[in-house]
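Residue numbers (the working numbering), protein chains in the order written: chain A, 15 to 89; chain B, 320 to 727.
Derived by calculation from the structure, the hints in this document are not laboratory data.
Even glycine gets a Cβ: it sits at the ideal position worked out from N, Cα and C.
Some hints could be false.
[As the list claims (entries may be wrong)] Label pairs and their computed distance ranges (CB to CB):
(1) A:Asp47 / B:Pro406: 29 to 35 Å
(2) A:Thr16 / B:Thr484: 51 to 57 Å
(3) B:Gly353 / A:Asn19: 39 to 45 Å
(4) B:Arg584 / A:Asn19: 34 to 40 Å
(5) B:His483 / A:Ala26: 42 to 48 Å
(6) A:Thr16 / B:Pro595: 29 to 35 Å
(7) A:Thr16 / B:Val438: 56 to 62 Å
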Amino acid sequence: MTLANGSIGPIAIDVDKCIAVGQCVLAAPNVFDVDDGGIVILLDPCPPESERPAVLNAITRCPADVISLPEALGG
Amino acid sequence: MSVDNAPDTRPIPVRKDVGRLETRLPLVELNQDGKLARFMYPNGVEGYMTTTAAHFRAILSDGRFHAKRFLGEPQPTPVSVELPDMPGFIPSMNGPDHLAVRRLAAGDFSVKHIRDLGVTIEEVVDKHLDRVEQHGSPADIFELYCLTIPSEVIARILGVPTTHTPEFQNAARYTIGGLPKELDDPEAPARAIKTLHGLLADVIAMKRAEPQDDLITRLTKATDPVLSDEEIWGLCTNLLLAGHETTATNSAYQIAILLERPDVREEFLGHPENIPDYIEELLRYKAILTDSGAGIPRLATETVEFDGVVIEEGDWVMPCAATANVDPSVCPHAPTELDLNRTPFPHLTFGFGAHTCLGQHLARAELKVMVPKIFERFPGLQALMPLDEVPWLDKGFGYRMAELRVTW
């Protein structure tokens, strides 16, 4: 889904499931970061459309199913 | 109940006679239907093996399949490695307890912290290159280079004082990652674990008395959960074992591939900016825990119907990265070939699910320094014998090369 302002999202993260392997930062460094414990930080829940492939890659690579995007769930 | 030792179960067909870098091919060839395959593993334990990337990810994401290590599971070598039960040993923990303990160590292995460790890794690698040079040609770089760098780096992350590091590295080798002569004694791993216990107890006491900026100090101060000395010992032993033989062997494989394939070597060394991607493709193509069909076994805690196969409670399932990484649905072009310029995709060598390799960024950081630097220091580096003739070791934790003798 592309929002009215040309961004995607909103991205949701389930921090309780994060296992701190940082795949999201490698896949989409403009959207995700990690804290000192390696746990995911969502920098931008509604990034621009141009980040879509990176965000989908982060969802595929996350081994703990932490990240979701409405469209990736078919919603 | 499990189908124990059913006489018709095939032994896992790992080809050990020729083409050492192609051990996994028979596994790939025999599974065309994508179903789970049932095998007898070399240590005499039966289990199902996954043959697709989707099944690999599904089994490792399903909480009904538990992680349990070194306690009678299928293993890739004829002699099982059995270790004493250790509190804090996360490969045998599951659910919320596992995640809580894992998170206490995760920060020190995160993308950010490993980036900061780059200088330390370069320093350790340079020191080992000097040692190889002092030894002179010919040399076994598995022993002098590949095997000792990872354990020294882990020692530094943990905060093992330099006075204790040689004993720490030595014990590490006798557990699972050593040289052939060191692994001859079946009692050696248990003795080495005991040595590590004593050594780490000393170090933990030192850190409690004089806290420093290192992982063991952080573990002594953990509050959620608080860790006992025994749990810190188990966790640190775990981190040492996990980060030792794996990177030692994978670096040896990658150096060996470059020695054997001048075309690959030229491409690899000619484009240093692409080395991170090249390392990913090499990890996909050949890695210790994947190519003998072994990996990260899971125990079914209840009977599960899985894509048309009934997995009984108590059955083992082996998610196999060797087949997942050549699954045409994720790697469509010549998947069994090495192609440094392949469009990168997320290979599964580091696993999937809650137990995904904690040290993967460290492994990458070590490989991207260890592999090119040895060729830079010794431009005339050559294998002393054809790789088909290199002695191979089928004892211990993984099926792997026992030495890598080179000249320059």
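Hints and how they fare:
no.	hint	result
1	A:Asp47 / B:Pro406: 29 to 35 Å	holds, 33 Å
2	A:Thr16 / B:Thr484: 51 to 57 Å	holds, 55 Å
3	B:Gly353 / A:Asn19: 39 to 45 Å	holds, 43 Å
4	B:Arg584 / A:Asn19: 34 to 40 Å	violated, 50 Å
5	B:His483 / A:Ala26: 42 to 48 Å	holds, 46 Å
6	A:Thr16 / B:Pro595: 29 to 35 Å	holds, 32 Å
7	A:Thr16 / B:Val438: 56 to 62 Å	violated, 43 Å
The structure shown violates the earlier hints numbered 4 and 7.
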